[in-house]
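Protein chains in written order, with this note's numbering: chain E, 7 to 336; chain Y, 58 to 400.
In short, the hints are calculated from the structure, not lab data.
Mixed in with the good hints there might be a few duds.
Unchecked claim - Derived DSS-like pairs: lysine-lysine, alpha-carbon spacing no greater than 25 Å straight-line:
no., chain 1, residue 1, chain 2, residue 2
1, E, K105, E, K30
2, E, K219, E, K257
3, Y, K180, Y, K161
4, Y, K106, Y, K161
5, E, K257, E, K284
6, E, K105, Y, K161
7, E, K105, Y, K342
8, Y, K161, E, K30
For clarity, every value in this text was computed on a predicted model and none was experimentally measured.
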Amino acid sequence: MVERRRLIQAVNDALFEEMERDPKVVVYGEDVELSITGDMRGLHEHFGHDRIRNTPICEATLTGMAVGLASAGYHVVVHMMFSNFFYTGMDAIGNQMAKLRLMTGGQVELPITIIAGYGGGSANAAQHSDSAYPVLMNLGGLNVLTPSTPADAKGLLKTAIRGRNPSFFLEASGRGGEVGDVPDGEHLVPFGRAAVRREGGDATVLAIGRMVKPALAAADALAEQGVGVEVIDPRTLVPFDEASLLASVEKTGHLVVVDEARECCGAASQIAAIVAEKAFHALAGPIRRITTPNVAMPYAPNAERHVIPGEERIVAAVLSLVGRAHRATA
Amino acid sequence: MATTVIDRRTEQAGLRSGPSPAELLELYERMLLVRRVEERLRDDSAAGKLPGAVHLYIGEEAVAVGVCAHLGDRDYVTSTHRGHGHFLAKGGDVRAMMAEIWAKEEGICRGMGGSMHVADVSKGILGANGIVGAGLAIAAGAAFGTKLDGDGKVTACFFGDGASNQGVLMETLNLSTLWELPLVFVCENNTFSEFTPSREVTAGRIADRARAFGMPTAEVDGNDVTAVWQAAAGAVARARSGGGPSFIEAHTYRIQGHFEAEAFVLSGGRYREDAEIAAWTQEDKDPVLRCRATLLASGAADVLHAIEARVLAQVDDAVRFAEAGTPADPALAESLMFVRDEG
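With these hints in hand, go ahead and build the complete structure from the sequences.
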C-alpha cells in the first residue's frame, strides 16, 4: 500500500517503526521530546524516557556519547537539528566515530544514525544553513545520506538504523513539507543505489538532495527547447553509485553536477573527479559544477537565492555544454 | 600531597577499609607488570624498534591498578593517550598489547591502532584515545547504556589534568549528574599538560569542578595504591548500586616525558628540573617502590621475588611474541572502515 506523506512524516514513520521493531534503538538530542522540526513528534509519549530523551546543549558530548552508547550495544539515533552543529561536535565525529572501527582492528561496530537539517533557503543565515556533508565524505568512515523524496527518506533512515555503521541522515531544510508517495510498512532503500528521476539523452544532471527539485524543473524547461536531460539523484553520497552515473554519462556525453554545498572540495568536485577519471572518453565537453560559491550563507532571501543553485543556472550550464557540442560538430 | 581527602559520601559507600594482604600482593604484581612492560617499551623505543610514539605511564601505575581492581570484564573503561596501564590493569593481554605496539597482525587491534589506541572491547576496554578528553563523552555514552541495561555495570573514565581543561569535562559532569549515570571520573593529575606544567594552564582545583555539580568527590594520593583502591571502592560501589557518578582526583607525577623521544622535539627546551623527576623516583614517592616497601615490612620477601621473576618472564615472552609476529595486513586499512552490510 502506498500513501501520500510529507517528508517529515515519513521520517517520523521510520522512527516509530524501527523503535517498535528493536528495543535497542535509543534516540536523544536537543529538544527531541517536543521535536521542533516535527520528525520526532509523538515518540516520547509513546516510547518514554528510556528510549528518547532531551539532552543539554552539548554537541561534543552528544556525538561522543553516541560512540560509547553504540559500543555498549545500542542502536543510537541522535538529532543534531542543523548540520552546522556537526562542527561543535566534530571531535567525536572526525576522530572517534569515523575511525574507531579501524583503530580497534574491527572490534567495534558503531550503529549510529545522526539526523540533521541542512541547507539554505529559509533565511536562517550563515550558522544554520550549511550543507555540511563534504567534510563527512572526506572522513572515510561515515555513510552520508541525502534523500530528496519522502519515500527515500523513510527507506534510507530505516536502512541506517538497522545498519552497523555510522550514518548521517540529512534532511533538506524547508523540504519537510515535501509530499510524495511512500510505501507503507517495510520499505528499505539500500545505500549506494542512485535513482534516475528523469531519462534523457543529451545531458546528465546529477543533483544532490534539495537540488533534485530545481534540476527536474530545469529538465522540463530544457525539454521545451528540445534538449533531453537525464536527472540522477544519488540518494547516498557515501557509498556513491558510480556505475549509474558513469552509464548515464556514457549515454549523454555531458555532465552537470548540482550541489548546494560550497564548491571547494565539495561533493560536486568529488563526483566530477570520478567522471573525469573514469569516463573521460565519453565526455564531449567539460564537466560543470553548479554549487553555492565559497561564501557564508547570507541572510537576505534575495541574497540566498543569488548564491544557492537554482533552475536558471542549471539550464544555462546544460545549454552551454549542449551548445558547445553542437558548435564542435558543426 | 600525602594527605587523602575523601568526601564523606564516598567514604560511606566504601565497603572495606583497604585491600586484604592477598589483594595488595595482586595490586603490586599488576603495578609491576605495567612498570616492567613500559620500561621495555621505553628501551625499545629508544633503540628505534617501535614504529610510533609511545606515551608512558611510569609513576602513575597505582591509579589504574587501584581503580580497575574493582572492575570486571563486563564493566567499561575509557583511557587516554597514556593508556598501557589502563589496558593491563583492566585485564588486557600483555602479548596482544605488545604485538599491537610492534605493529603486528597478532596485535589486539591487528596493528591498525598502535600504542595510542590499544583496546579490547571484549574486556570492556573501549580504547586508549589520542584526543585529550575524548574518553569523557564516550564513557558517558557507555554508562548511559549500562544504566539502560540496569544490571549494575560500571564505567570508569580515566583522563588527566590536561583533559580537565577541555569543555567536554563540564558537559559530561553536568549530564552524568543529571542522568545519574553509573560513571566514575578518574582524573590522573600528573602535573603536566603535555610539555607545560599544569599549574600554568589550570585555574582552581580540578576536583572543585566536580564539587560544583554536587558530585561526591575524593582527592587522593595517586601514588598510594591503597588510597586509590579505597576511594575507588566507594565510587564503584555507589555507581553499581544506582547512586550515580563520582569523581576521584588522583595526585600523581609523570616520570617520563610526554612521549618517548621528546628530547628530540624539545631540542634542548626544558619544562621541569631533573631534581624534581629524581625525587619522584624515590622509595617514598614511587608507587611501585612504596607498595613494595609496605609488603616487605609485612615480611613478604620471598613472594615478592617470585612475583618479580614471573613478571619479567611475562614481559620477555610478550616481546618475543611481538617480535616474531606477522607484519600487519595493509589491506585491513580498506576492509575495516565499514561493516559491510548495507545496500
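These are the hints, each one checked on the structure:
1. K105(E) <-> K30(E): Holds, at about 23 Å.
2. K219(E) <-> K257(E): holds, 23 Å
3. K180(Y) <-> K161(Y): Cα-Cα ~20 Å, so holds.
4. K106(Y) <-> K161(Y): Measuring from Cα to Cα gives roughly 13 Å; hence the hint holds.
5. K257(E) <-> K284(E): Satisfied, since the Cα-Cα distance of roughly 14 Å is no more than 25 Å.
6. K105(E) <-> K161(Y): holds, 19 Å
7. K105(E) <-> K342(Y): violated, 38 Å
8. K161(Y) <-> K30(E): This hinted pair is violated, its Cα atoms lying about 35 Å apart.
The structure does not agree with the numbered hints 7 and 8 stated previously, though it agrees with the rest.
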